[in-house]
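With the hints as your guide, set chain B onto chain A.
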Amino acid sequence: MRLAILGAGDVGRSVADLAGEYGHEVVAIADSTGAAIDPDGIDVERALERKVGGDAVGTGDPEAVFETDYDALVEATPTTLGDAEPGFTHAKRALEADRHVVLANKGPVAERYEDLRAIEAESAGSIRFEATVGGAIPVLSTIEDSTPQAVTAVRGVLNGTANFILTRMAAEGLDYEHVLAEAQDLGVAEADPTFDVDGTDAALKFVILANVLADGGFALDDADVTGIQDVPGSALDLAAEDGRTIRLIGEATRDGVRVGPRLVPENGALAVTGTRNIVQIETKHAGSLHNSGRGAGGPETATAVLSDVGRLPER
Amino acid sequence: MDNAADAGDEPDGDAETDGGVRAYTVRLELVDEPGELLRALKPISDNGGNLLSIHHERGNITPRGHIPVEVDMECPPDRFDDIVEGLRDAGVNVIQAGAERYGEEISVVLVGHLVANDLSETLSRIEDEASAVVLDLSLTAPEGTEGVASARIRLAIDSGRTTEALESIRAIGSAKDLTVVEPLLGGDA
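Line by line, the protein sequences are chains A and B.
When we follow the numbering used here, the leftmost residue of the first sequence carries the number 1, and every step to the right adds one.
When we follow the numbering used here, the leftmost residue of the second sequence carries the number 316, and every step to the right adds one.
Each statement offered as a hint is correct.
Okay, the calculated beta carbon distance ranges per label pair: (1) 147(A) with 444(B): 35 to 45 Å; (2) 392(B) with 266(A): 37 to 47 Å; (3) 148(A) with 374(B): 49 to 59 Å; (4) 374(B) with 217(A): 54 to 64 Å; (5) 54(A) with 419(B): 53 to 63 Å; (6) 462(B) with 61(A): 49 to 59 Å; (7) 453(B) with 23(A): 56 to 66 Å; (8) 357(B) with 194(A): 55 to 65 Å; (9) 420(B) with 146(A): 29 to 39 Å; (10) 431(B) with 9(A): 39 to 49 Å; (11) 396(B) with 243(A): 24 to 34 Å; (12) 431(B) with 148(A): 41 to 51 Å.
Hints were generated in silico from the structure; no laboratory data involved.
We put the CB at the ideal spot given by N, CA and C, even for glycine.
Okay, chain A solo, but in the shape it has when bound (with noise of 0.2 Å):
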């Protein structure tokens, strides 16, 4: 297929370099200054060397990847909230020239899923979002292949900074500034880990999951969501005592979505460590599956970005 892709993050930057291993063509990419088109195929080596050197990714203009003759549009600028703009309208954009639309953005999904699944029934074009929750992970997709009707649950870790600061404060007997500082030294944690820490990240994903399983209904507002900020190393300890550990757990049910740090059997399944996800897929007859990897990075998200670009019919 025909990829355009805007943003030119780890994200979009990856899903240009990947595309072609993965038999499609880059015709656009685009970040919020510039954009390279070129309805042959545009070269991504060179774009994305100049993304690196500090410029935008080409001297075109964003607003003309819209004109260009492509079959999916990939959206993978950052997540906003609230509105969750301007990817909802990239999205619209897309659909109501009847063209797909990936999403690795999780705003439009988790904000305005029934607005974008109206636009959708409008279009011949239609859209995926696998790489919205949990990375590499096909957890969507299980979703679909069990048919969402007979999941009733999932639940699961899926931020890897919360859990990263959470495993370590565990095994070394730290307080959360401690290992927050040095998970912020290593790159796993963002200057700002608010959105990280605080459950927002891991609430959009579980709002996205719910509104699969119900076929819409839920926005982050809905979301019972409670943080890891509060957990001292304290608590990890006497939660060890009893053979537990502490895991910032997401629930996603037709009834409503919850985040918060809650008591997990030690070796459990869903006590992954490091940077690690797990989601607990909970059907009504065949028990729970378990599907765990790389929930986040620039190569691994794209892999789901391709992956639905491969699941997406025919134009």
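Frame of chain A, contents of chain B only:
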């Protein structure tokens, strides 16, 4: 709990009769009010149970302030579940039925200014509002009694009421500005 469960589901010695009737022990917890015992026994006879003996331990109050009552009876095995269900429907708290102890144990971790915020009041609120019994408490206060402390509390809760109990504990936590780390229920976490 004592060893009252020994007469439980397994046929022991001559407990099984020709008619397939077996002896069972149920342990109940009654509110100390007139007529409660009679009310508790009615579902047993209504469902075809034959009362053998009743130990009404008036002097022995449960941690919830209720009176434990132990009832020995016999009934056909297929009626026993109906009796237990009948007792529950009548609002009688069944602690133990047959060999099975109808209760669950969970642990929660509380974090916050536990000592400064009157830990014993927190615990009694949990016992009252969450209908739970505190079995065990482990407290660490590395910053001293005025600082942030953590406590792990092991609780006994009536079977099937864990979700409600956790909701109450969450409400107490938010009222007292404590972080409640709950166990994850459901699935095979």
